[in-house]
Structure formats: C-alpha cells, structure tokens
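Use the sequences and the hints to build the structure in full.
Residue numbers for the sequence shown follow the numbering used here, beginning at 441 and rising by one.
Bear in mind the hints are in silico, worked out from the structure with no lab data behind them.
One should not assume that every hint holds.
Stated by the list, open to error - No farther apart than 25 Å at their CA atoms in a straight line, the calculated lysine-lysine pairs in the PhoX-like style are these: (1) Lys490 <-> Lys692; (2) Lys490 <-> Lys694; (3) Lys694 <-> Lys618; (4) Lys626 <-> Lys694; (5) Lys626 <-> Lys692; (6) Lys692 <-> Lys495; (7) Lys495 <-> Lys694; (8) Lys618 <-> Lys692.
In this text the structure is predicted, and so the values were computed from the model without any measurement.
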Amino acid sequence: MKNLVIRALTGAVLLGVMITAILMPPYLFGVVFFALMMLCLYEFYGLCYKVEQAKPISRWAMVGGGMLFLSVFLAELYQAPYIIPLLYVPFFTGTFVVELFRNNGSPILNVAMSLLGHIYVALPFSCLCMIESLGASGDVSADGGNWQGGAFVLAFFIAIWVSDTGAYLVGRAIGRHKLYERVSPKKSWEGFWGGFVLATTAGYFFGKYFPNLPEINGHQLYDWQWAVFFALISVLGTLGDLVESLFKRYFKVKDSSNMLPGHGGFLDRFDSAIISAPFAYAILLLFFR
441 MKNLVIRALT GAVLLGVMIT AILMPPYLFG VVFFALMMLC LYEFYGLCYK VEQAKPISRW
501 AMVGGGMLFL SVFLAELYQA PYIIPLLYVP FFTGTFVVEL FRNNGSPILN VAMSLLGHIY
561 VALPFSCLCM IESLGASGDV SADGGNWQGG AFVLAFFIAI WVSDTGAYLV GRAIGRHKLY
621 ERVSPKKSWE GFWGGFVLAT TAGYFFGKYF PNLPEINGHQ LYDWQWAVFF ALISVLGTLG
681 DLVESLFKRY FKVKDSSNML PGHGGFLDRF DSAIISAPFA YAILLLFFR
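Okay, structure coming up:
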C-alpha cells in the first residue's frame with residue numbers, strides 16, 4: 441500500500457509539472473522539457489557504461505543533446521532555422537574529434553552510443569518543441585504563450601496516458617496472449633487492443649467536446665482525424681515501450697534508474713513519447729497540409 445501511495449504521489453507531481461509547462465508560455469515549456477530531456481539523457485548514458493568496452497563521451501554528448509534541443513526550441517520560437525546548425529553541428533562534429541584523442545574503450549561504440557543519445561532522446565524531445573510551435577506563425581512570445589501548439593502537445597500526452605491506462609487495465613483483467621514475450625513478457629495482445637480502442641475513443645471525444653480546439657490557417661481537425669491521431673499514437677507508444685524494454689534487456693536492468701520513486705526512471709516514463717513524438721509532428725503536418 442505504501443508503494444502504491446508513493447507511486448501515485450510521484451506520478452501526480454510529474455503530471456502536474458508537465459501540464460503546467462504545456463499550458464504556460466513557451467519559455468517555461470522549454471525549461472521544463474529541457475530538464476526532463478537532460479534527465480533522460482543522463483540515464484541513457486549511465487546505462488551505456490554498463491556495456492563492456494563502451495565508454496561514451498557522456499558529458500560532451502549531454503551538452504550536445506542539450507544544444508540540439510535548445511537550437512530547435514530557439515529556431516521554432518523565433519522562426520530562425522539557421523540557429524540549428526549554428527548551435528548543434530559543432531557538437532555533432534566535435535564528438536568525432538574528442539573521441540580521436542581519448543583512447544578509451546572502443547571508438548566505434550563510444551561515438552555510436554554518444555550520438556544515439558541525441559537520436560533516441562534529444563531529437564524526440566526537440567520534436568515536442570516543434571509540435572508546441574504549430575500554428576504560431578512567428579508570433580510566439582515569451583509572455584503570450586501559444587495555445588495552439590500547447591493543445592497539440594497536451595493531446596499527444598493524453599493519447600499516451602489513455603492508451604497506457606487501457607492497456608494496463610485490460611491486460612491485467614483478461615490478458616492471455618503475449619504481445620512480444622522475448623522483449624516484454626508482461627504485455628499482452630488483449631492489453632494492446634484495450635489501449636488502442638480506449639485511445640481511439642478518447643480521440644474522437646477529444647475532437648468532439650474539448651473546448652477551443654486549435655486551428656491552423658482557419659482549419660481544425662475533424663473528429664475522425666483526432667481519433668486517427670490518438671490511435672496512431674497508441675500504436676507508436678507501444679512500440680516505444682517495447683524498444684526501451686529491448687534496450688533494458690541488453691543493459692541487463694529492470695529500470696532505467698530509481699530517480700522516480702515507484703516508477704523507476706525518467707526514460708521508463710517517457711519511453712512511449714520518445715518513439716512517437718517525431719511521428720506525431722509528421723501526422724499533424726500531414727493533417728494540416
């Protein structure tokens with residue numbers, strides 16, 4: 441019972457921080473999600489050090505991942521895409537140069553794992569900045585916020601949370617057939633379909649009843665488009681969960697860390713979002729083309 445209370449309190453605090461950041465002005469959004477991304481990167485590089493002969497350039501790579509997020513955030517905030525190569529490319533190229541002078545472990549593994557953190561963690565979090573800026577048309581201000589993009593980010597996380605909840609409840613109640621036993625023995629097909637159906641239904645009602653839905657160029661998404669969006673995020677989120685489970689099996693750990701009491705680590709909480717965020721941005725662009 442005590443563990444359940446701790447888990448609930450930790451989840452409530454994290455949820456409150458995220459929702460506040462999503463609905464507040466862009467700078468607060470950037471600060472909060474930058475911090476969350478850096479914590480995920482810290483966990484990822486910590487796991488990489490468990491691999492024999494692998495010594496990723498963790499400090500340099502964390503700064504580089506931070507610069508990738510920051511460059512995308514500023515590029516979206518000020519509609520200035522040239523910021524991305526100015527801030528990030530030196531760290532990307534510098535990874536190879538730094539490794540040249542290290543002589544520590546396997547250079548291929550070191551560089552690969554250093555840059556994998558950028559691809560697996562920093563890039564998806566950067567895509568959240570791109571989603572948050574949708575509909576801003578260059579008028580996002582530090583104090584005015586952007587309800588358009590904030591609503592899209594909120595919808596994205598609602599889709600993940602609803603899908604996870606449905607999968608857990610249905611899987612726990614009637615789960616019999618293993619979804620992918622080699623990677624995640626506890627997941628079932630019944631749970632997957634439970635999460636998928638609940639997310640799709642939630643998406644339809646989100647589009648139908650959520651107040652002040654965002655629009656771009658005078659166009660709002662139809663109810664069926666919200667249902668499709670939630671359904672796709674449910675599928676992609678499940679894949680994200682499986683990918684992180686695969687990584688944890690490779691690293692021979694149960695959780696990415698113990699920084700979140702009752703939940704494991706930050707990577708454990710954001711595994712679904714990490715894989716689905718780039719696709720979410722692409723889906724929204726397609727719907728609003």
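Tested hints:
Distance hint between Lys490 and Lys692 is fulfilled; the C-alpha atoms sit about 9 Å from each other, no more than 25 Å. The straight-line distance between the Cα atoms of Lys490 and Lys694 is roughly 13 Å, inside the 25 Å bound, and the hint therefore holds. Our distance criterion of 25 Å between C-alpha atoms is met by Lys694 and Lys618, whose separation comes to about 19 Å. Our distance criterion of 25 Å between C-alpha atoms is met by Lys626 and Lys694, whose separation comes to about 13 Å.
For a cut-off of 25 Å, the pair hint linking Lys626 to Lys692 stands: about 17 Å separates their Cα positions. About 17 Å separates the Cα atoms of Lys692 and Lys495, which keeps this hinted pair within 25 Å; it holds. The straight-line distance between the Cα atoms of Lys495 and Lys694 is roughly 21 Å, inside the 25 Å bound, and the hint therefore holds. Our distance criterion of 25 Å between C-alpha atoms is met by Lys618 and Lys692, whose separation comes to about 21 Å.
In this structure, every one of the numbered hints holds.
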